[in-house]
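Trainee: Chains as they are written, first to last, in the working numbering: chain E, 27 to 277; chain L, 211 to 590.
Calculated from the structure, these hints are not laboratory results. Among the clues, some could well be false.
[Unchecked claim] Stretch by stretch, here's where chain E covers chain L in the computed footprint (C-beta under 8 angstroms, at least three residues):
#, segment
1, 364-371
2, 432-445
3, 578-587
In this text the structure is predicted, and so the values were computed from the model without any measurement. Idealized CB from N, CA, C, for every residue including glycine.
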Amino acid sequence: MHDVRYDAVHDEIVVPVPYAQAILTFRGGADGQEAPIRIIQGPKTGAIGSRLDVDPIHNEIFTYTGNTVTVYPREANGDVAPIRVIRGPDTQLKRPYGIAVDPINDILVIGLNSNFGSDEPITVEDTESLEKGAILIFNRTDSGNVKPRGVIRGPKSGIIRINQMQLYPQKKLIVGAMPGVIDSMEPDSAFLGVWSYDDNGDIPPKWKIPANDRTKLKKPFGVVLNPKNKEVIISDMRNQGVLVFSVPEVF
Amino acid sequence: MNKTLRLVLAGLLVWLAYGILMQAQADRKPVVIERAPLRFIKDPNPSFSAVAVDSESNMLVVSDENMFRIMEYDRRENTPPQARLSEPKRIISGTNTKAEMICGVYIDPKTKEIYALNGDTQNWMPVFSTDARGNVAPNRALNIPGHPFQLAADEDQQLLYMTIQSDNQISVYRKQASGGEKPVRTIRGNDTRLEDPHGLALDLKNRLIFVSNFGNGNVRGTGGRYGTFAPPSITIYPMEGSGNIKPVHIIQGPKTLMNWPAHMAFHQERQELFVANDADNSILVFHASDEGDVAPIRVVKGPKTGIKSPPGIALDSKLGELYVANMGTPSITVFPVTANGDVAPSRTIRGGPAGTVGLMIGNPGAVGYDTKREQILVPN
Numbered sequence: 027m028h029d030v031r032y033d034a035v036h037d038e039i040v041v042p043v044p045y046a047q048a049i050l051t052f053r054g055g056a057d058g059q060e061a062p063i064r065i066i067q068g069p070k071t072g073a074i075g076s077r078l079d080v081d082p083i084h085n086e087i088f089t090y091t092g093n094t095v096t097v098y099p100r101e102a103n104g105d106v107a108p109i110r111v112i113r114g115p116d117t118q119l120k121r122p123y124g125i126a127v128d129p130i131n132d133i134l135v136i137g138l139n140s141n142f143g144s145d146e147p148i149t150v151e152d153t154e155s156l157e158k159g160a161i162l163i164f165n166r167t168d169s170g171n172v173k174p175r176g177v178i179r180g181p182k183s184g185i186i187r188i189n190q191m192q193l194y195p196q197k198k199l200i201v202g203a204m205p206g207v208i209d210s211m212e213p214d215s216a217f218l219g220v221w222s223y224d225d226n227g228d229i230p231p232k233w234k235i236p237a238n239d240r241t242k243l244k245k246p247f248g249v250v251l252n253p254k255n256k257e258v259i260i261s262d263m264r265n266q267g268v269l270v271f272s273v274p275e276v277f
Numbered sequence: 211m212n213k214t215l216r217l218v219l220a221g222l223l224v225w226l227a228y229g230i231l232m233q234a235q236a237d238r239k240p241v242v243i244e245r246a247p248l249r250f251i252k253d254p255n256p257s258f259s260a261v262a263v264d265s266e267s268n269m270l271v272v273s274d275e276n277m278f279r280i281m282e283y284d285r286r287e288n289t290p291p292q293a294r295l296s297e298p299k300r301i302i303s304g305t306n307t308k309a310e311m312i313c314g315v316y317i318d319p320k321t322k323e324i325y326a327l328n329g330d331t332q333n334w335m336p337v338f339s340t341d342a343r344g345n346v347a348p349n350r351a352l353n354i355p356g357h358p359f360q361l362a363a364d365e366d367q368q369l370l371y372m373t374i375q376s377d378n379q380i381s382v383y384r385k386q387a388s389g390g391e392k393p394v395r396t397i398r399g400n401d402t403r404l405e406d407p408h409g410l411a412l413d414l415k416n417r418l419i420f421v422s423n424f425g426n427g428n429v430r431g432t433g434g435r436y437g438t439f440a441p442p443s444i445t446i447y448p449m450e451g452s453g454n455i456k457p458v459h460i461i462q463g464p465k466t467l468m469n470w471p472a473h474m475a476f477h478q479e480r481q482e483l484f485v486a487n488d489a490d491n492s493i494l495v496f497h498a499s500d501e502g503d504v505a506p507i508r509v510v511k512g513p514k515t516g517i518k519s520p521p522g523i524a525l526d527s528k529l530g531e532l533y534v535a536n537m538g539t540p541s542i543t544v545f546p547v548t549a550n551g552d553v554a555p556s557r558t559i560r561g562g563p564a565g566t567v568g569l570m571i572g573n574p575g576a577v578g579y580d581t582k583r584e585q586i587l588v589p590n
């Protein structure tokens with residue numbers, strides 16, 4: 027399970043289960059072997075990606091399958107088809123992995139994985155020649171074969187692949203975990219990056235928390251924001267742990 | 211100023227402003243935040259996920275998914291109650307090892323090489339010699355995509371059998387395979403009833419494969435893939451089976467008590483199948499011929515057993531001992547193969563203080579925050 031979202035409006039926890047191609051919704055505070063209150067799964071639903079995000083205002087859940095972004099009704103239960111999809115060559119969607127939605131500014135952001143993780147063995151040296159990941163910025167209601175309104179990609183961006191992302195609508199910020207090269211257990215280049223909705227092109231992040239001995243970060247996979255305490259909370263695979271940073275300058 | 215000129219000037223100004231903005235973005239110097247974290251949640255103890263035993267050499271090999279270690283203990287080790295922990299005889303760990311989230315281990319009965327199966331984050335099965343220790347490169351490594359979980363060997367045929375979770379597949383490789391070598395055969399498809407396969411054990415006499423399934427189905431339909439939830443099961447196949455074959459029989463249903471059935475081990479002489487029943491804090495024992503919704507013939511469970519979230523299990527058939535790797539507490543617990551009920555282990559090898567509860571954070575791919583309860587949510 028590679029994502030979890032807390033819906034504060036409805037006090038619910040939403041998770042994807044890619045092995046069972048399902049989206050599960052639990053009540054907030056669920057504990058132990060408690061059953062979900064809703065399950066989206068079935069032939070009409072199709073396949074589900076490893077990550078998702080919830081729009082509690084417009085009542086939608088955003089995920090992806092293959093190179094297609096899929097949108098489901100938040101309150102759906104059972105075998106339901108997506109209500110919208112984004113797919114096609116103009117979208118530049120290729121190996122989507124991170125996903126985040128801002129229901130206030132009507133923004134949808136997709137993080138692309140790099141061209142890694144194929145069935146063939148890949149060495150760290152190979153990765154230099156492979157296509158790197160990116161951040162694609164869409165309008166929340168986009169549908170079909172639509173061009174992104176912004177693409178952050180390139181060596182200055184530092185993006186090799188993007189895992190979990192969060193958006194901060196108040197300042198129109200994209201916060202993304204960039205864990206670096208898959209086959210490198212402790213890549214030098216890993217960081218947590220903060221970009222703006224208006225960024226487009228090969229743009230460095232506005233702020234970054236790099237992986238190093240000082241920050242203790244090694245391979246950031248997940249991120250969530252706690253604006254009340256001006257904190258960024260990061261899950262780190264190589265640490266098998268969670269690190270909490272105070273970053274008032276970002277908020 | 212005429213209207214056309216005003217429009218041209220306005221356009222020029224917009225173009226200039228856009229150019230300045232783009233240049234400013236491209237020239238941006240990130241503010242690098244280099245400070246220590248306020249808080250750091252991390253388990254200081256090992257999280258034992260797999261175990262293998264070789265009584266001939268007194269080798270007990272365990273994997274630690276928390277600190278990415280392969281550790282060898284003397285199989286006769288028994289941590290004294292007053293001791294903080296038992297020190298392993300050797301540790302293999304580090305960025306050169308190709309070993310990270312190790313969820314399966316195997317000891318070659320002749321060479322005593324250690325086979326280590328990465329279940330996630332790395333697609334490799336590194337193989338280490340008896341003198342390997344520290345941050346060493348493996349003797350060889352096989353690329354295995356798709357998240358394998360447990361391996362077992364047919365030494366006569368020199369073949370390795372393993373479960374592949376994300377493809378709902380059993381893969382069979384040459385035992386000496388390395389690099390990008392492909393499996394010699396696979397069992398896979400809707401008819402197989404493989405549903406998030408985890409454990410795998412071999413009945414070498416009757417030539418059968420036992421596979422434990424969590425129950426997460428992934429159907430390949432005409433309109434594409436979709437998912438199902440099914441009760442956990444054990445599906446059984448012929449060892450020479452290949453392709454989209456039906457199981458010869460299935461153990462499944464509420465009487466079985468299965469709940470995340472993980473690693474399995476088969477006792478040839480007793481014709482018994484041992485199952486590490488992870489989410490039920492128990493070990494289940496079935497007879498080889500069991501079928502359908504059948505109760506286990508023995509259940510090892512309860513506070514005296516010290517069994518807590520056990521994904522790993524190994525049998526020493528020669529000495530009649532059962533080894534259990536616990537992730538919920540940093541210990542390996544050892545029982546006689548005939549153990550039944552709430553019984554104390556005959557030995558316990560601890561990797562941390564007695565009574566320690568494991569955090570069980572494993573490959574935390576994401577994190578959430580419950581603002582109402584001010585709680586951090588960590589999926590694994």
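Trainee: Would you pick out the hints that fail for this structure and give their numbers low to high?
Mentor: Hint 1 alone not satisfied by this model.
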